[in-house]
Structures are given as structure tokens and as C-alpha cells.
Amino acid sequence: DAGVIQSPRHEVTEMGQEVTLRCKPISGHNSLFWYRQTMMRGLELLIYFNNNVPIDDSGMPEDRFSAKMPNASFSTLKIQPSEPRDSAVYFCASSRSGANVLTFGAGSRLTVL
Amino acid sequence: RKEVEQDPGPFNVPEGATVAFNCTYSNSASQSFFWYRQDCRKEPKLLMSVYSSGNEDGRFTAQLNRASQYISLLIRDSKLSDSATYLCVVRGRSNDYKLSFGAGTTVTVRA
Chain D
1 DAGVIQSPRH EVTEMGQEVT LRCKPISGHN SLFWYRQTMM RGLELLIYFN NNVPIDDSGM
61 PEDRFSAKMP NASFSTLKIQ PSEPRDSAVY FCASSRSGAN VLTFGAGSRL TVL
Chain X
114 RKEVEQDPGP FNVPEGATVA FNCTYSNSAS QSFFWYRQDC RKEPKLLMSV YSSGNEDGRF
174 TAQLNRASQY ISLLIRDSKL SDSATYLCVV RGRSNDYKLS FGAGTTVTVR A
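Chain order of the listed sequences is D and X.
Numbering-wise, my numbering puts 72 at position 72 of the first sequence, and it's gapless, one number per residue.
When you read off a place in the second sequence, starting at 1, and then add 113, the result is the number in my numbering.
Among the clues, some could well be false.
Ranges of calculated distance between the beta carbons of each label pair, as one might list FRET restraints [unchecked claim]:
hint	chain 1	residue 1	chain 2	residue 2	range
1	D	ASN52	X	ARG114	33 to 41 Å
2	D	ASP56	X	LEU159	19 to 27 Å
3	D	HIS10	X	LEU159	24 to 32 Å
Derived list of chain X stretches under chain D, where covered just means 3 residues or more per stretch with a C-beta under 8 Å from a C-beta of chain D [stated by the list, open to error]:
hint	region
4	156 to 168
5	213 to 224
Since the hints were made in silico from the structure, they are not lab data.
The C-beta atom is built at its ideal place from N, Cα and C for all residues, glycine as well.
Please model the complete structure; the sequences and the hints are all you need to start from.
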């Protein structure tokens with residue numbers, strides 16, 4: 001099992017640019033989560049998908065953030081336009097529905113200059 | 114008030130020592146509890162679930178105190194490889210998808 005795969009692992013971009021982060025969940029996992037981690041705020045849930053459908057996006061900071069899950073094996077998190085305060089590590093995690101355990105990807109470290 | 118609160122530490126201990134720390138949670142209806150471990154610049158990984166009667170996994174012991182709404186983790190005979198940040202995680206209801214993460218307690222084990 002390859003685990004949850006995220007790309008890119010690192011991204012450095014300038015303010016105002018569009019950023020797209022990608023995630024491939026574990027095969028057979030039908031729940032997918034996007035988290036953001038910063039020193040100040042810790043791990044924050046941004047959005048939760050179940051069976052490719054967004055169930056809870058209340059954690060998405062603002063309209064600059066959007067997420068999609070076009071199929072069971074792929075999700076994207078997009079920030080447009082990016083701002084320096086978006087600098088963080090973005091984690092994707094997946095699980096089977098109702099399971100207690102989340103498996104996290106290695107994360108995408110974003111720096112917005 | 115945060116849903117899950119932890120002492121950030123750091124706890125600096127020598128190899129072989131015992132280290133213990135707690136986390137408190139605010140939702141008295143919380144059903145499931147976990148400890149995740151996060152190494153520096155890595156992703157969080159499940160360390161162990163926490164059961165009502167308390168449970169052990171090797172050198173790690175987890176306890177739950179529902180009356181006082183806290184969870185504890187004790188590490189015996191600590192190893193250098195135990196150096197990490199330990200995240201306390203709480204699920205509200207058994208079918209609730211949301212996990213609330215604490216900010217983590219950092220443990221550093223020195224030779």
C-alpha cells in the first residue's frame with residue numbers, strides 16, 4: 001500500500017499566484033480530509049469529503065480556497081490568489097467511513113512570499 | 114475555550130526515564146480518544162487509541178478520566194526515538210467524522 005500521496009511536497013510561490021495541491025487517498029478509503037497545520041493554530045480541518053462529496057467545508061478560510069474531489073482517487077485544494085498568511089503545511093488524510101484512524105499524507109509545505 | 118488543550122512542553126528527559134503528560138477536552142459527550150505521534154517535519158501517525166479502562170502498548174500507557182475530562186500518556190524507559198510531538202485527539206460522537214486535535218506536547222529524550 002502506497003499510503004496517501006500528496007504533491008508537491010514543497011512549494012514556494014509569490015503572493016497573488018495560484019497554488020494547487022494534490023492528493024491521492026488510499027484505495028478503498030471513502031473519506032478524505034484536508035488539514036492545515038501552523039505553529040500558531042495547530043492542525044485545522046479545512047474540508048471533509050465522503051464518497052467524493054464535500055460534506056463539511058466550514059473550515060475553509062475564505063473564498064480564495066476551494067477543493068474538489070472529481071473521483072475516488074484524486075482531490076485538489078486550490079488557493080487563488082495566495083497570500084503570505086497561507087504559508088503552512090497542508091495535509092491530506094483518508095480513512096474508511098466511520099473508521100477511527102486517519103492516515104495522513106506526508107504533507108505539502110507551502111511558502112507564499 | 115479550545116476543544117482539546119495540551120501542555121506544549123517541551124519535556125526534556127534522559128534516556129530510560131519515565132515521562133507523563135495530560136490533555137483535557139471540553140466536550141463531555143466525547144466518545145473516542147487517541148494519541149497521535151508527529152515527528153519533526155513529518156505527518157501525524159496514530160500511536161494508540163485510549164480505552165475507558167486504560168490500555169498499554171509496550172512502553173506506552175494511556176488512561177482516560179471521563180469525570181475530569183482528561184487523557185494521559187505515560188512513556189516508560191524512554192528511548193531517543195521517542196522524541197516527537199504527541200497529539201491528543203478526540204472524536205465527539207462514535208459516528209462523528211470530526212477529530213479535534215490538540216496542539217501537541219513535545220518530548221525530547223536526551224542521551
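**Prompt:** Of the hints stated earlier, which fail here?
**Reply:** none
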